[in-house]
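Protein chains in written order, with the numbering used here: chain A, -13 to 400; chain B, -13 to 400.
These are computed hints drawn from the structure, not numbers from a lab.
Even for Gly, the Cβ is constructed at its ideal location relative to N, Cα and C.
Any given hint could turn out to be false.
To be verified - Not close to chain B: a few residues of chain A, all C-beta gaps over 12 Å, as computed:
id: 1; residue: ASP168
id: 2; residue: GLU200
id: 3; residue: ALA227
As the list claims (entries may be wrong) - Restraint ranges, calculated between C-beta atoms of paired labels, are given here:
id: 4; chain 1: A; residue 1: SER63; chain 2: B; residue 2: GLY397; range: 48 to 58 Å
id: 5; chain 1: B; residue 1: ARG318; chain 2: A; residue 2: ASP49; range: 26 to 36 Å
id: 6; chain 1: B; residue 1: ARG10; chain 2: A; residue 2: ALA334; range: 45 to 55 Å
id: 7; chain 1: A; residue 1: THR257; chain 2: B; residue 2: GLU171; range: 53 to 63 Å
id: 8; chain 1: B; residue 1: ASP(-10); chain 2: A; residue 2: ASP396; range: 17 to 27 Å
As the list claims (entries may be wrong) - A partial selection of chain B residues facing chain A, derived with a Cβ cut-off under 8 Å:
id: 9; residue: SER86
id: 10; residue: THR203
id: 11; residue: VAL340
id: 12; residue: VAL348
id: 13; residue: LEU375
id: 14; residue: VAL393
As a plain string of letters, each chain reads:
Protein chains: 2
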Amino acid sequence: MSTDVIELARRARLTSRKLALATRATKDAALLAMADALDGQVDEVLAANDDDVRRAQDAGTDDHMIDRLRLTSERVSAMAEGLRDLARLPDPVGEVVRGSTLANGLELRQVRVPFGVVGMIYEGRPNVTVDAAGICLKSGNAVLLRGSSSARGSNAALVRVLRDAVEDAGLPADCVQLVPADSRETVKELMRARGLVDVLVPRGGAGLIESVIEESTVPVIETGVGNCHVYVDAAADLDMALAIVLNAKTHRTSVCNAAESLLVHADVAQTFLPAVVAALQDGGVTIHGDAAFASYDGVVPATEDDFGREYLSHDISAAVVPDLDGALDHIRRYSTGHTEAIVTGDQAVARRFVAEVDAAAVLVNASTRFTDGGEFGFGAEIGISTQKLHARGPMGLPEMTSTKYVVTGDGHTR
Amino acid sequence: MSTDVIELARRARLTSRKLALATRATKDAALLAMADALDGQVDEVLAANDDDVRRAQDAGTDDHMIDRLRLTSERVSAMAEGLRDLARLPDPVGEVVRGSTLANGLELRQVRVPFGVVGMIYEGRPNVTVDAAGICLKSGNAVLLRGSSSARGSNAALVRVLRDAVEDAGLPADCVQLVPADSRETVKELMRARGLVDVLVPRGGAGLIESVIEESTVPVIETGVGNCHVYVDAAADLDMALAIVLNAKTHRTSVCNAAESLLVHADVAQTFLPAVVAALQDGGVTIHGDAAFASYDGVVPATEDDFGREYLSHDISAAVVPDLDGALDHIRRYSTGHTEAIVTGDQAVARRFVAEVDAAAVLVNASTRFTDGGEFGFGAEIGISTQKLHARGPMGLPEMTSTKYVVTGDGHTR
């Protein structure tokens, strides 16, 4: 495979013209072929992954990262199942978003079309390789996959399997291309391939995403950093609040929709703090608290930094706020615009929180963990956008498309 | 007014929080107040404009540019009427784009919300100042207006009138702010105000737009450059084709949806070329043609450059293509992705053209001049997006919003 990213992008562009015209039947057949191929060649994939894991272990990579990197036959099987799920979802391409006949008789249709070429820049998990390849193929986009160098063997093996299957199903193999991960230069080239690449989706840590936004001339969809708050209002059912806080923090800590910060209305602090501190600590969570929280045993005094952190671990920052306005101010200051939740029984308070919090998702009396394409019923998710342009929140298949106006007349002039 | 753009952006951000919560009734009242104020203070506006026009004349600016700059009482009146039209349009904010109750009983709503702060960077016409202020206000966005220095007196007068009216109507004057046009630095500051400005909309020539895309870290919506083609197919009704070509080229030449290039199928060239050359030349159009066209009197031989040009004048490039594929290849090579039209009576040809041409609008048997927010029935237009992200084609009020997911439960956890 060539290491010239621009050449890869050119091939993707050419291929995208064919893929844009592919019918749903053809695309679904390719997805099923990809799934079967993964199942059939699981041994090759696992062997390549073993090499990656061994190299990472030799380099002293921590266990958490190794776990993200490691594939098992169950994980490969789950990827294949994900592709089969995609085949069952409706094709976003061709959907008429808006349509009318104008006063002069012109027929106006706004129709979903693929972007063309999508670039994915991501870290860690090799399952993103398969998910992104599937979602892009179903939405009619050629994809350029730039994974991390730690997963390069796994990604190469996966892409080899997928490309062969795509070709066997009658679509060009170049629908799915791997961008070499051997140097940081290949990311830079991808970010400057304006005109060849239509959109870049970075998935990973805040540093990766920030650098792509800074440097890319290709339009970027920002994803994923979540400093999510749970605000327990004075009018909250405190048992409900406790269950939501625990679930939001401890159900899965390494994901962007996990809670990272707890705010409690001063009026219920005396009742709620002992209960929530004990419950979180029982769950293995370290609380980085303001003065009110820090008066409890085991609570670490919070620094300014703590309130801005996305821990992705068994840590949570916590503060008592004087009232709803205090909570809103705090969230405005520290929010990454991902997911913010309130627990309250007061309808007027809930309405204000929903109206005034500026985030992709605002949850009332529900755990932050629900901000997820699967939970929202989208069936597939390429990431969670935290920007306001194009897509905000979980992005499913329709979010991976643009639109085109088709206007039909019979000789209309102005 | 401070010349510190970041300070203006901070004020816009603060104001945007209030404006986002304003009801439709409040916003419409402000729009009507703005319209009345323009009508009432037309003399001050015209006096300021006179100074701009005189300065431009002294600088030797060409008549075409002077005409774009010049305001008349009719033009000011039309701006006021535009604001009243906006007041009649539905409020995009609060519209539920998608909504369902999930299997677990969670209520999911995707609701339109304002972006927050919009930056407009534009050239020439002072009417953009009023249009943009109105559209941003109606869509709940605070706006930072950076017009051209040639119109700085007119823009300052207009913004003064608008701000007073907004304040009288009970909204903060800072909903509408003018960014000083005294140096290029103010554009640069606007482009780096990520986090304070949510989206930038450049309107103007290709050079302006290219530089904003290159340099901005604020997300940009690319607008307006249109190298629009009309392709006359072998199966075209040639009378219809002639009318469409003439309308597309000569109805108004200075706009982005004017035709700039004509492609004719070889099979009808012998019949159509004499007619279209004569008709265009009668209309005062200079044809820059390939060899087939250049054999006609008065046709200037086209250079490679001509086919890539957006003339915005009484000029058109023209070529004969061997077939539909030739037309598609030519368009793929030179299109700016704005508007492409075909004239054909062949349904299969029309279907292929619509499917394969990659542009914001594809027109069948209609003039390119119809790609317009007004013609599409949107009632207002901030520009025509030629990019694929977020909005493509004419952008009305809904395109000036983002969305937010609101999820309501009664203690839901995962």
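Taking the earlier hints as the rules, which of them does this structure contradict?
Violated: hints 2, 3, 4, 5, 6, 8.
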